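S.K.: For reference, the chains in residue letters:
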Amino acid sequence: MYHTKTLSELSAMLEAGEVTSVQLTEHFLQRIRDFDSELNSFITVTAEQALSDAAKADEIRKAGNAGPLTGIPFAHKDIFCTKGIKTTCGSKMLDNFESPYNATVVEKLNQAGIIMLGKTNMDEFAMGSSNETSYFGAVKNPWNTKAVPGGSSGGSASSVAARLTPASTGTDTGGSIRQPASLCGITGLKPTYGRVSRYGMIAFASSLDQAGPMAQSAEDCALLLNAMSGFDPKDSTSMDKDVPDYTSDLNKPLDGLKIGLPKEYFGEGLSAGTDETVQKAIEEYKSMGAEIIDISLPNTHLAVPVYYVVAPAECSSNLSRFDGVRFGHRCEEPKDLEDLYKRSRGEGFGEEVKRRIMVGTYALSAGYYDAYYIKAQQLRRMISDDFTKAFEKVDVIMGPASPETAFNIGEKSNDPISMYLSDIYTIAVNLAGLPGISVPAGFSENMPVGLQIIANHFDEGRLLNVAHQYQQKTDWHKQIPEQFK
Amino acid sequence: MEWETVIGLEIHTQLRTKSKIFSSASTAFGAEPNTQACAVDLGLPGVLPVVNAEAIRMATKFGLATGSAICKHSVFARKNYFYPDSPKGYQISQMDLPIVGEGSIDIELEDGTKKTIGITRAHLEEDAGKSLHEDYQGMTGIDLNRAGTPLLEIVSEPDMRSAKEAVAYMKKIHSLVQYIEISDGNMAEGSFRCDANVSVRPKGQKEFGTRAELKNINSFRFVERAINLEVERQIDLIEDGGEVVQETRLYDADKHETRSMRSKEEANDYRYFPDPDLLPVVFDDAYIEEIRKTLPELPDEKTARFVNDLGLSEYDAGILTTSRELADFFETVISESVDAKLAANWMIGDVSARLNKEDLSITDCPVSATHLAGMLKRIEDNTISGKIAKDVFNGMWNGEGDADTVIDKKGLKQITDDSAIEAIIDEVIANSPNQLEQYRSGKDKLFGYFVGQVMKASQGKANPAQVNQMLKDKLS
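Residue numbers (my numbering), protein chains in the order written: chain A, 15 to 499; chain B, 1298 to 1773.
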């Protein structure tokens, strides 16, 4: 059936006239109806709009104007502003918010012809690693519905893993694409900071946030990245740098590829099952002609503490605009301005969001700013320098995307520190602004394990090539949970 | 005890960019509320600021005009605070690395001496919107049209020692920003306003006293009044055994009082940090030099030129250069080869007086520079007297044409023909036998009477010098 195909395969089928966009769209909408009451991966489903867009896409194809993504059903993480459609960011604060404009990523993918099925569930304001902080309820992992899908792009990961959509967007501030991709057994790419526009993507931590594709394969990610990338005059932090065709190097052989294995990524805290699975993947690369080099990223242990100063500091300021004045949740009958602020924000934000706003406000406060924010910036530079040095010796760095497979819903929700450690291998990549990908590498106790591959700035082409070659030799990325076959 | 006043000013001047500092919405004044506020100005979720290159250019221009250090790597920072007219919950400003660093500007004191006032820094920031407190069923309205308008905040050193010095400094900056065309300086529309930091100390004491900050004063008159009032309040307070507390005060022009807005303890912790949505503003020497080339002749340079090249007095030159438009008008007049001193006298005298009376600015003057020059030429070539010129000027003001047309139409041409003047003199003498007798018997004062009569009979057109001379001859 259509849902067992990758996006690239569906694209070829559309091109060959074996299926229409309307048929595909109906098929995936039906799967959402059949399965999503259990998974809760979508916040909004835009069925009517999708079918009408699909009909138009079929017309475009008939007219001979179709591109590789024309008519492909798709889902957006609910962090991207979509014109006229509810954009909640997983929060009660924006339960009533309809954006008057499209995010640049949405606009670009629309231009490329994708069909939006709906908006996927996520941790509130992208703050979380389990999708349990969503106002719209926890999302379930299709491999074990008692387990979390990871977060914050949990809805995107879960919906792709269950094949309710061929692919989706995600965003990654500290691992929010790679960790859920790992936990759900899909392929998720966080591009270089500045590769994809942040305009219209509701900000969590501006210096770390980056949008990327979540799909079944590296090839699918390459097709999507082609459409998503590029300089945006509306985003000063987007890079004015040519976008290569990311599919063109996919088939390059890996002979002589130098893979760095940081010893810090294979130490204490890594579960045995994940370790073993990742090692097997690395063996596979050896067999493809890659050279394995032991490296060190000595400041790895600083990544989580640095992140939990920088990200909350930025979020405490970014989330100030949610004040009940112009949009979003407003409390009933405010007594005065202060009451309006306090109750609107108190009622609109969940616990984790409040915790981070408090931490960030503290870190930026007079008397603490130097000790926390400035210090964190200095350490961030050191973490980044670790990578710069490593990439003098190796082409890519590999390790686990997450220290363990998906944990159970509720297991860590009352233990923020343990939750924060879920992102221990992904966070440094955001701090350094590097691209990273999580690729399905096997299973540990029947739950998916992701291999993380990190490349140098703007070296997404290499990253996708390395991932794609592995996917030519393995079929982990083709596995579908029994219940959703 | 003798007290000394110490004043520093923070001047906010709106830059005259077409669009806002971080969005493409228009900055035009006076539109319907919220019609000039785009998604970025409204602080909608997901929007991002992009800095307006024109604002950077204008700030740099100001730095160059004041001989200030230009920061080739400046950083925008967020100033966090909640207020309904601040849509993002923070204002984008500059903190540690402002675009303009230390510089200075000279002001002229009442006794004619010059004083240099230090400029600490000037930084770019966005303006806030406005809260509308008219009745909206018991609620407050918010107009975000002004939100995001570019401001240059110019911070002075605490170098001023009286309200008058503060006003002189403010006027100097006001004139400068218009000269270099970075602001329209419109104070009524809030394009130019200031906060004044005021403290007093016993004369001779080195340490500054505790200061109070007077917020948001938007006229020269109010600045002077507010400062004087505050100085008086602080001195009274100290002399009564009290202490000045560091606080922000508001000047109420209607009640003529300053009152406390918030004390230091209540002050916000703004939690400044570099805005991660904006890259540092970085440019090189070539960029600075390119902007330097666009600088016009500055007021002080112009004054010096008027004194040295045109022979004007410092005072006259100073007045003529108070605004670029006035100086340009003057220069157009003298470009028609009119004597500079004559032109200066007219500009400072009759032209300015009439403009003031009608509450017009020089750019709205109904008499063009060319017409004024034409009239001054007729004074120079004795076609009309200085006195008659006032009538000609009135005629031109009322739209009756250029000087020659008015002179012709009204028959104001000066009589310089000796025989014609003689005829009038003879007639006057013939009609004044009594006066002639008295004059001849020694009443010299009556000479003026005869001059007056001749001028009257000639309808003021007789050349006064000739009349004088010929009368003397006739009466002797």
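Rather than coming from a laboratory, the hints here were simulated on the basis of the structure. A quick note: this is a predicted structure, and the numbers were derived from the prediction, not measured. Think of the CB as a built atom: it goes at the ideal place given N, C-alpha and C, for glycine as much as any other residue. One thing to keep in mind: the hints can contain errors.
Beyond 12 Å from chain B on every Cβ pair, some chain A residues (computed) [unchecked claim]:
id, residue
1, 30
2, 48
3, 250
4, 257
5, 301
6, 328
7, 340
8, 342
9, 356
10, 374
Not the full set, but computed from the structure, chain B residues with beta-carbon under 8 Å of chain A [stated by the list, open to error]:
id, residue
11, 1348
12, 1389
13, 1566
14, 1570
15, 1573
16, 1574
17, 1577
18, 1746
Okay, the calculated beta carbon distance ranges per label pair [stated by the list, open to error]:
id, chain 1, residue 1, chain 2, residue 2, range
19, B, 1430, A, 361, 55 to 61 Å
20, A, 349, B, 1566, 20 to 26 Å
21, B, 1566, A, 245, 55 to 61 Å
22, A, 399, B, 1589, 53 to 59 Å
23, A, 353, B, 1550, 54 to 60 Å
24, A, 63, B, 1589, 37 to 43 Å
S.K.: Hint by hint, say whether it matches the structure.
M.R.: Each hint tested on the structure:
Taking the minimum C-beta to C-beta distance to chain B, about 38 Å, the non-interface status of residue 30(A) holds against the 12 Å cut. Every Cβ of chain B is farther than 12 Å from the Cβ of residue 48(A); the closest lies at roughly 32 Å, confirming the non-interface assignment. Non-interface call for residue 250(A) relative to chain B: violated, since the shortest CB-CB distance, roughly 5 Å, does not exceed 12 Å. In this structure residue 257(A) is separated from chain B by more than 12 Å, as the shortest Cβ-Cβ distance comes to about 20 Å.
Once the 12 Å rule is applied to beta carbons, residue 301(A) is consistent with being away from chain B; the minimum gap is 43 Å. Remark: the non-interface label on residue 328(A) conflicts with the geometry, its nearest Cβ contact in chain B lying 6 Å away (cut-off 12 Å). Remark: the non-interface label on residue 340(A) conflicts with the geometry, its nearest Cβ contact in chain B lying 6 Å away (cut-off 12 Å). With a cut of 12 Å on Cβ distances, residue 342(A) falls inside the contact zone with chain B, its closest approach being about 8 Å.
The claim that residue 356(A) lies off the interface is violated: its Cβ sits roughly 10 Å from the closest Cβ of chain B, which falls inside the 12 Å cut-off. Remark: the non-interface label on residue 374(A) conflicts with the geometry, its nearest Cβ contact in chain B lying 9 Å away (cut-off 12 Å). Interface hint at residue 1348(B): satisfied, since its Cβ lies 7 Å from the closest Cβ of chain A, which is below the 8 Å cut-off. With its C-beta approaching chain A no nearer than about 11 Å, residue 1389(B) sits outside the 8 Å limit, and its interface hint is violated.
For residue 1566(B), the suggested interface contact is upheld, since its CB lies about 5 Å from the closest CB of chain A, less than 8 Å. The beta carbon of residue 1570(B) is positioned within 8 Å of a beta carbon in chain A (closest approach about 6 Å), and the interface hint is therefore held. Because the smallest distance between the Cβ of residue 1573(B) and any Cβ of chain A comes to about 4 Å, under 8 Å, the interface hint for this residue holds. Interface hint status for residue 1574(B): upheld, as the beta-carbon distance to the closest one in chain A is roughly 5 Å, under 8 Å.
Evaluation of the residue 1577(B) hint against chain A yields a violated restraint, the C-beta minimum of about 10 Å exceeding 8 Å. Annotation: interface hint on residue 1746(B) violated; nearest CB of chain A at approximately 79 Å, more than 8 Å. For the pair residue 1430(B) and residue 361(A), the supplied restraint of 55 to 61 Å is violated, since their beta-carbon distance comes to about 27 Å. Checked against the given bound of 20 to 26 Å, the beta carbons of residue 349(A) and residue 1566(B), roughly 25 Å apart, stay inside it.
For residue 1566(B) and residue 245(A), the Cβ-Cβ distance of about 37 Å falls outside the hinted range of 55 to 61 Å, so the restraint is violated. For residue 399(A) and residue 1589(B), the Cβ-Cβ distance of about 38 Å falls outside the hinted range of 53 to 59 Å, so the restraint is violated. Our hint of 54 to 60 Å for residue 353(A) and residue 1550(B) is violated, since their Cβ atoms are close to 32 Å apart. Distance hint check: the CB atoms of residue 63(A) and residue 1589(B) are about 55 Å apart, inconsistent with the given range 37 to 43 Å.
Consistency with the previously given hints fails for numbers 3, 6, 7, 8, 9, 10, 12, 17, 18, 19, 21, 22, 23 and 24, ordered from lowest to highest.
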